[in-house]
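We have chain A already, so just place chain B on it with the hints.
Line by line, the protein sequences give chains A and B.
For the first sequence, my numbering gives the first residue as 1, with consecutive numbering after it.
For the second sequence, my numbering gives the first residue as 1, with consecutive numbering after it.
The hints are simulated quantities; they were obtained by calculation from the structure and are not laboratory data.
We put the beta carbon where it would ideally sit given N, CA and C, even for glycine.
Please note that a few of the clues may not be correct.
What the hints assert, rightly or not - Pulled a few chain A residues facing chain B out of the computed Cβ check, cut under 10 angstroms:
hint, residue
1, A260
2, A261
3, N276
Claimed, not checked - To spell it out: a stretch of chain B is covered by chain A in this simulated footprint if at least three of its residues, at any positions, have a beta carbon under 8 angstroms from a beta carbon of chain A; those stretches are:
hint, stretch
4, 9 to 18
5, 36 to 50
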Amino acid sequence: MTNLSNVGYNWKFTPEEIRRFLFCLTLKDDASANSVTLANAALLNAWQTLFNTYNFADDTSIKVVCSPIVYGVTPERGEDKVFDENNYFRKLADGDYDVSAMLYDLAPKQVAGLKALQDYSISVYLITAATQVLGVSDGTNLTPFKIQNLTVQDYGITSSEGVSQVILKFRLKNPNELNDMVAITVADADATSDVDFFPLRNVTGAVASPAVTGCTVGLTLDNVDPNNPATAIYLTGDHVTYDLVTFTDQADDSDEVLAAAGSISYSAATHLHTINEAALLTTGHTYTLKIAVSGYDITCGDVVVP
Amino acid sequence: MKKLSNNPKDWNIDKLKSKSLGWFKKVVNDYSERGYEKLTEDEIKKLYETLTGKKSALKNEEVKDDKSK
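If we strip away everything but chain A, and leave its shape as in the complex, we get:
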């Protein structure tokens, strides 16, 4: 029996303009689609946990990368692709759906970081000015919109007529995903806050003096202030507390953690963190030093205990 589909109720769905993009890999390493539960999508903590997917995480493919604030987000709909010849008219495909946005006054390395996303098969959640996350719902999970192509311009120089600006543009892979779009409000979050929605900053950890009691590690940010490129920036003792440090034995993946605050100290003079605790590590073993500081992606050298 033939039946027409129901059009349904008009809920007047009118989210505010887009303020940020949250990018993630379309597929995780286990080949399933990246998504968050509808419940977690409403929690800023759950998003921040995904932002804080460090390089040493068990599964880095769940990482969500937060864009700086974007302005003037403009959707551009192409015409549907049709075959039209002598009154023969047939729809072949939906038209392309492109989204472009302006980013102003970025640091050059931020632009480089965004450009690097061009090389991945990624998807995007949209964050509105009212701090709603826009994505695709299947009733249980919120899935990001799949991106077919992402393009990011190179850093733009400020002129007498305009500020430094970069255009970011992407084409949706499946524009019909827009028909399953939902909006979930993130509680107690502000879309324009760089504290709520933060990108990770790369940090290099230089390990020295390995011993069974620990080691020293100097933590230096990879991207310096472009206004003072010769000045190194260090991650200080305010950031690195004892409960964020783990030594993972590369032989058997067992973890060694610190007992209390006294097991780590920081010297402002040398910029070194000294980890020192009785019988912490084992002679002859090699460890991966993992330091999980929110907002910083710290990559340390191996700790080879003599």
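Same frame as chain A, but now just chain B:
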């Protein structure tokens, strides 16, 4: 001179519970060389028992023994 906290929240309690009092003494003595207060043997023992709750567990056992009598 920094004071050693007796609040379990300031310690990795799971680790402390898995280690002996002898190990704890070494750790606390090391801390005293890095600006923390120096504790006596008894104070270290008391802190260890406060943090891990091992003494209270012992007390419960004693109470049980009393009842069984």
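Each hint, compared with the structure:
| no. | hint | verdict |
| --- | --- | --- |
| 1 | A260 | holds, 5 angstroms |
| 2 | A261 | holds, 6 angstroms |
| 3 | N276 | holds, 6 angstroms |
| 4 | 9 to 18 | holds (count 5) |
| 5 | 36 to 50 | violated (count 1) |
In summary, the one numbered hint that this structure violates is 5.
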